[in-house]
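Novice: Take the given structure of chain A and dock chain B to it, following the hints.
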Amino acid sequence: MIHVHDLRKAYRVSRRAGFMRRETIVVQALDGLSFDMSRGEIVGYIGPNGAGKSTTIKVLAGILHPDSGDCEVDGRVPWKDRVAHVRGIGVVFGQRTQLWWDLPARDSLELLGDMYGVPRDRAARTIAALAAELELDPFIETPVRQLSLGQRMRCELAAALVHEPAMLFLDEPTIGLDAPSKLALRAFVRRLNRERGTTVILTTHDMDDVEALAGRIVLIGRGRALFDGGFAELRRQGSGLKRIVADLAEPPPGGIVAPSGMRLEASAAGRAAFSYDPSVLPTGEALALVARSFRVADLSVEGPPVEEVVAELYRRHGV
Amino acid sequence: MRACLAAFRARARSVLRYRAAAAAAVFCQAIFGFILVMILETWYRDGSGAPISLAQAASYTWLGQAFLAFQVWGPDPELRDLIRSGEVARDLLRPTGLYGLWLARALAYKLVSVGLRFGAILVLAGLVLPAIGLGSIGLEPPTSLGGFFCFLAMLPVAALVSGTLTVGISCFQFRQVSAAGASAIAAALSSFFSGLVIPVPLLAGPLRMAAEFLPFRALGDLPFRFWTGVLPPSALPAALASQAAWILALGLGGAAFVRSRLSGLAVAGG
Numbered sequence: 001m002i003h004v005h006d007l008r009k010a011y012r013v014s015r016r017a018g019f020m021r022r023e024t025i026v027v028q029a030l031d032g033l034s035f036d037m038s039r040g041e042i043v044g045y046i047g048p049n050g051a052g053k054s055t056t057i058k059v060l061a062g063i064l065h066p067d068s069g070d071c072e073v074d075g076r077v078p079w080k081d082r083v084a085h086v087r088g089i090g091v092v093f094g095q096r097t098q099l100w101w102d103l104p105a106r107d108s109l110e111l112l113g114d115m116y117g118v119p120r121d122r123a124a125r126t127i128a129a130l131a132a133e134l135e136l137d138p139f140i141e142t143p144v145r146q147l148s149l150g151q152r153m154r155c156e157l158a159a160a161l162v163h164e165p166a167m168l169f170l171d172e173p174t175i176g177l178d179a180p181s182k183l184a185l186r187a188f189v190r191r192l193n194r195e196r197g198t199t200v201i202l203t204t205h206d207m208d209d210v211e212a213l214a215g216r217i218v219l220i221g222r223g224r225a226l227f228d229g230g231f232a233e234l235r236r237q238g239s240g241l242k243r244i245v246a247d248l249a250e251p252p253p254g255g256i257v258a259p260s261g262m263r264l265e266a267s268a269a270g271r272a273a274f275s276y277d278p279s280v281l282p283t284g285e286a287l288a289l290v291a292r293s294f295r296v297a298d299l300s301v302e303g304p305p306v307e308e309v310v311a312e313l314y315r316r317h318g319v
Numbered sequence: 001m002r003a004c005l006a007a008f009r010a011r012a013r014s015v016l017r018y019r020a021a022a023a024a025a026v027f028c029q030a031i032f033g034f035i036l037v038m039i040l041e042t043w044y045r046d047g048s049g050a051p052i053s054l055a056q057a058a059s060y061t062w063l064g065q066a067f068l069a070f071q072v073w074g075p076d077p078e079l080r081d082l083i084r085s086g087e088v089a090r091d092l093l094r095p096t097g098l099y100g101l102w103l104a105r106a107l108a109y110k111l112v113s114v115g116l117r118f119g120a121i122l123v124l125a126g127l128v129l130p131a132i133g134l135g136s137i138g139l140e141p142p143t144s145l146g147g148f149f150c151f152l153a154m155l156p157v158a159a160l161v162s163g164t165l166t167v168g169i170s171c172f173q174f175r176q177v178s179a180a181g182a183s184a185i186a187a188a189l190s191s192f193f194s195g196l197v198i199p200v201p202l203l204a205g206p207l208r209m210a211a212e213f214l215p216f217r218a219l220g221d222l223p224f225r226f227w228t229g230v231l232p233p234s235a236l237p238a239a240l241a242s243q244a245a246w247i248l249a250l251g252l253g254g255a256a257f258v259r260s261r262l263s264g265l266a267v268a269g270g
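Here the protein sequences come in this chain order: A and B.
Sequence positions in the first sequence follow this note's numbering and run 1 to 319.
Sequence positions in the second sequence follow this note's numbering and run 1 to 270.
One chain only, chain B, in its complex shape:
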């Protein structure tokens, strides 16, 4: 456990070294936030039958940009480079399981990335936009205190789902050397089924059901529904239970996979 905590701290410190990159990412996320909410606004001109209001959809979208770093678009870049170069052999010299080490790293990468970025987007969408008269497409405060607590409770869940999925991609790479294919597929699934592009409540029947089943919704849809009041706080236990099942499945599956791969491991050169 202490070994994993050390791995977490090391990775967190490395990510913190790249604050300028985080600022650039915030800029990009702000632009995408604007594009998405403007598309929503156009839709809602005739949105009489929409399942959620424009204010809710806009808030949901801005939250998506604020917590974008939870998206699973690829492996942890540090681990990707370690596996590619064979340096990952080092990890086997640490007195701890490989999966725990990787999960600790992925969690640090995700949490620090989110931590460096979400504040600026929340300020922009929640304070700046209303102040300049664009409150209708801005971020509204949580509809209730209970909803806000449920949102907060879902954040560690989002981090764990994001972490286990991220290590899952690394597992693919552990087998295939390159993670490019797995990353491309994961990026598409993650963006769509977490509600980043179109809020999940606006999706049509079967797609919405798929999104509500898959683990990706923990990366955005679930916490954002609590914030915007689309889900009542009473829905929290069910949400926690379903995501805990996913975290367990992903974690145990990943750990078993890593263990099974170790006996066939080859590290070439030097």
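Bound conformation, chain A alone:
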């Protein structure tokens, strides 16, 4: 469904080089990016700031022309066949809006239906269904500028779906949202993918978003794909260390010292986290070791947090 091969795009950025003088430097946003995606997939597209994520989305959406490389979405080259291409995609830019600021959300949805040439009765049905699923009804008649961020984000999602696209690009959709809004948004996207088979590309810094939704991760840095695979595989890319979190019944008199073969990662408020390498120290022994060393109220074993694996990958690739 999506085929990207050796995509390149450079920006010219000006930089002050003295009083009244400026120079132009070239920033290579995409530098030989390649990946493929099939219909019905949800892919988490992650990478540090400035890695080229948004540029990729904009190329896939037909907004930007790349300098070179191939890109096909559903058999079309997005920027060459833009008008036909955009009918089949929905885009949410979390930091931008596509709703008319001064108009009630419902007006925006109806106008978008008209823009995409959706027959009126069909648009009305879609809007009603979206309003029910995303629970828009309490504020759908309120001008967009008066909505809270969580309310607006739900409207943005509805706005991207009025023309029932087969593919959805979500660019940081949960940025700044509170926990209930995030959960609602994730549940909605999951349902959309399951029931309609909508293909989703999700760009985010929130690894919980990715873990909750995406079966596959593409990690990009310096304009290239550095990792492409599932979550388990991603975790294996990390240090391989696991950690035991212990709730201590009483603080040890001599302070918290890690048992041999383990390292103290953090301790606060009667809780300590020790890391260990399970290939050297089996988890059962590690647990026993911790239980013997301290008066323990509770113990739990965790894999390394995904955030840390990702940070480790960024470090390793120098991005």
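Because the hints were derived from the structure by calculation, they are not lab data.
A couple of the hints might just be wrong.
Claimed, not checked - Covered stretches of chain B (chain A as the covering partner; in silico rule of three or more C-beta atoms under 8 Å from a C-beta of chain A):
#1 4 to 15
#2 121 to 131
What the hints assert, rightly or not - Which chain B residues stay away from chain A? Per the calculated CB distances, all over 10 Å, these:
#3 S48
#4 P51
#5 A55
#6 P142
#7 S144
#8 I185
#9 S191
#10 A204
#11 A244
Unchecked claim - To give an idea of the chain A side of the interface with chain B (calculated C-beta under 10 Å), a few residues:
#12 A61
#13 H65
#14 S68
#15 V83
#16 V86
#17 G90
#18 V91
#19 W100
#20 L103
#21 G117
#22 L192
#23 N193
C-beta atoms are modelled at their ideal positions from N, C-alpha and C, and glycine is treated no differently.
Specialist: Below, chain B alone, put in the same frame as chain A:
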């Protein structure tokens, strides 16, 4: 086409939300109308050789204030903000050409702005002033029914010229990020060559010829000449033809420019 109509309706509804701003603008236009007609009256104290009468010049001036929103003083503010913030990338997600979308927006902005303002000025200058004994510097009714129809026929032309010129400024901004320079120049040209400050028939030789050639005259001078009877209705076909040429030139030029810019477009951040 349907996409452009939707863009038109959306922009029209947004402008309609700011009715108080339109009322404030009417107040400002009334003041400027008074200043201009009082200057005219002073000129005409010894205006024996003037090419048009004081009544015609005053009517022309009041019409200028009534239809002031056709003036091209800057880009459509909504599009200006979209280009500045990069939000304009959104427009490329719509299944239609960028230029058509922008022109539809500019037309809605111009037509609704004019629609909210012209009535109050016409009532003030055409009914209130004569009623309080200031009819000599007020707005006279159209000199003939034919002239009035020609005036009406020129209004959509005025809107189209205004719309294409307004999008032209946005094109400049699309290239330069800021439209301040282009707006300043356009405002001066538009005000002067449309006859807003001094009626075009009163301008001296070369200036008048320039004004009669440039597209800005469609924003005021042409329709107002038909209303005041300075131009006979028989002049309508020539007027329509010259302005249609301008609309085509501006529209095709703008559309070609936008198309050529798309490949080099950069949208930074987020």
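Novice: Confirm or reject each hint.
Specialist: Hints and how they fare:
1. 4 to 15: Holds: 7 residues of the region 4 to 15 of chain B have a Cβ under 8 Å from chain A.
2. 121 to 131: Result for this restraint: violated, n = 0.
3. S48: 53 Å, holds
4. P51: 46 Å, holds
5. A55: 42 Å, holds
6. P142: 36 Å, holds
7. S144: 42 Å, holds
8. I185: 24 Å, holds
9. S191: Non-interface label stands for B/S191: nearest chain A Cβ at 28 Å, farther than 10 Å.
10. A204: For B/A204, whose nearest Cβ neighbour in chain A is about 42 Å away, the distance exceeds 10 Å, so it holds.
11. A244: 27 Å, holds
12. A61: It holds, given that the least Cβ distance between A/A61 and chain B is near 6 Å, below 10 Å.
13. H65: Where the cut-off is 10 Å and the nearest Cβ of chain B is about 5 Å from A/H65, the hint holds.
14. S68: 13 Å, violated
15. V83: 5 Å, holds
16. V86: 5 Å, holds
17. G90: 9 Å, holds
18. V91: With Cβ-Cβ at 6 Å, under 10 Å, it holds.
19. W100: Where the cut-off is 10 Å and the nearest Cβ of chain B is about 5 Å from A/W100, the hint holds.
20. L103: The hint holds - A/L103 has a Cβ within 10 Å of chain B, the shortest such distance being about 6 Å.
21. G117: Given a least distance of 6 Å, the restraint on A/G117 holds.
22. L192: Violated - the Cβ of A/L192 stays beyond 10 Å from chain B, reaching only about 18 Å at its closest.
23. N193: 21 Å, violated
When the structure is compared with the earlier hints, violations turn up for hints 2, 14, 22, 23 and for no others.
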